[in-house]
Amino acid sequence: DSGVTQTPKHLITATGQRVTLRCSPRSGDLSVYWYQQSLDQGLQFLIQYYNGEERAKGNILERFSAQQFPDLHSELNLSSLELGDSALYFCASTQQGTGRDTQYFGPGTRLTVL
Amino acid sequence: AQTVTQSQPEMSVQEAETVTLSCTYDTSESDYYLFWYKQPPSRQMILVIRQEAYKQQNATENRFSVNFQKAAKSFSLKISDSQLGDAAMYFCAYRLGGSEKLVFGKGTKLTVNP
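Sequence order for the protein chains is A and B. Per our numbering, the very first residue in the first sequence carries number 1; after that it's consecutive. Per our numbering, the very first residue in the second sequence carries number 115; after that it's consecutive.
Chain A extracted, bound-state conformation:
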């Protein structure tokens, strides 16, 4: 158990819908990262937050957004869902968010768009 929690574990929804994925970092960690794992794209970095502020953006679609709240949990919002958004979404956390930190991953949320 990495100490990072993600809910829900599974999510099944229809095209065009909007969903919210939630992540709670390890105790004491200030930085949260979101990754998408799909069969065709592999594991890709989406976005990073540090202590409530967006720090880095990767291959995140405009239909996707995220935020980190004062209690440091983070939410990833996916809207106007398409079939291709079906994937495993991981959250990871580190203490400081620097390059030397090791990222510890949550168990992931499996999103299925029908």
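Quick caveat, the hints were computed from the structure, so don't treat them as lab data. Where a beta carbon is used, it is the ideal one built from N, C-alpha and C, also for glycine. Honestly, I wouldn't trust all of these hints.
Residues of chain B placed beyond 12 Å of chain A at every Cβ, according to the derived structure [unchecked claim]:
(1) 130
(2) 190
(3) 197
Simulated pairs of lysine-lysine, DSS-like, Cα-Cα distance not exceeding 25 Å [what the hints assert, rightly or not]:
(4) B:192 - B:169
(5) A:9 - B:220
(6) B:223 - B:192
(7) B:184 - B:220
(8) B:184 - B:169
(9) B:187 - B:169
(10) A:57 - B:220
(11) B:223 - A:9
(12) B:223 - B:169
Chain B: place on chain A using the hints.
Then chain B, alone, in the frame of chain A:
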């Protein structure tokens, strides 16, 4: 573009034997960190081992060790005394010192035969 290449999509090993998984990466930076993550059927991403590029000594964690060849940009993972529980996808990844994101390879699926 920064890339990580895992040239072996699948590998198999007999229980109690040793197996080596290959990984090469491409970066012109000198400050970076290398990781191997394991993803068992549960889909959890589990850190196996980490190597700092500035360290010449190869990292070791129990039965897991790496062969880090900086000039060749090679970072292979050796698993000794393989166990059935080692069966998983193994991902090689690196992270630049000043960067926030992990860059992953496509993974190697390891099968352990009893």
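Now the hints, each set against the structure:
1. 130: holds, 28 Å
2. 190: Residue 190 (chain B) is indeed farther than 12 Å from all Cβ atoms of chain A, at 19 Å.
3. 197: Residue 197 (chain B) is indeed farther than 12 Å from all Cβ atoms of chain A, at 20 Å.
4. B:192 - B:169: OK: residue 192 (chain B) and residue 169 (chain B) at ~18 Å, within 25 Å.
5. A:9 - B:220: OK: residue 9 (chain A) and residue 220 (chain B) at ~23 Å, within 25 Å.
6. B:223 - B:192: Holds, because 14 Å separates the two Cα atoms, which is no more than 25 Å.
7. B:184 - B:220: holds, 21 Å
8. B:184 - B:169: holds, 10 Å
9. B:187 - B:169: holds, 14 Å
10. A:57 - B:220: holds, 21 Å
11. B:223 - A:9: At roughly 23 Å apart (the allowed maximum being 25 Å), residue 9 (chain A) and residue 223 (chain B) satisfy the hint.
12. B:223 - B:169: violated, 28 Å
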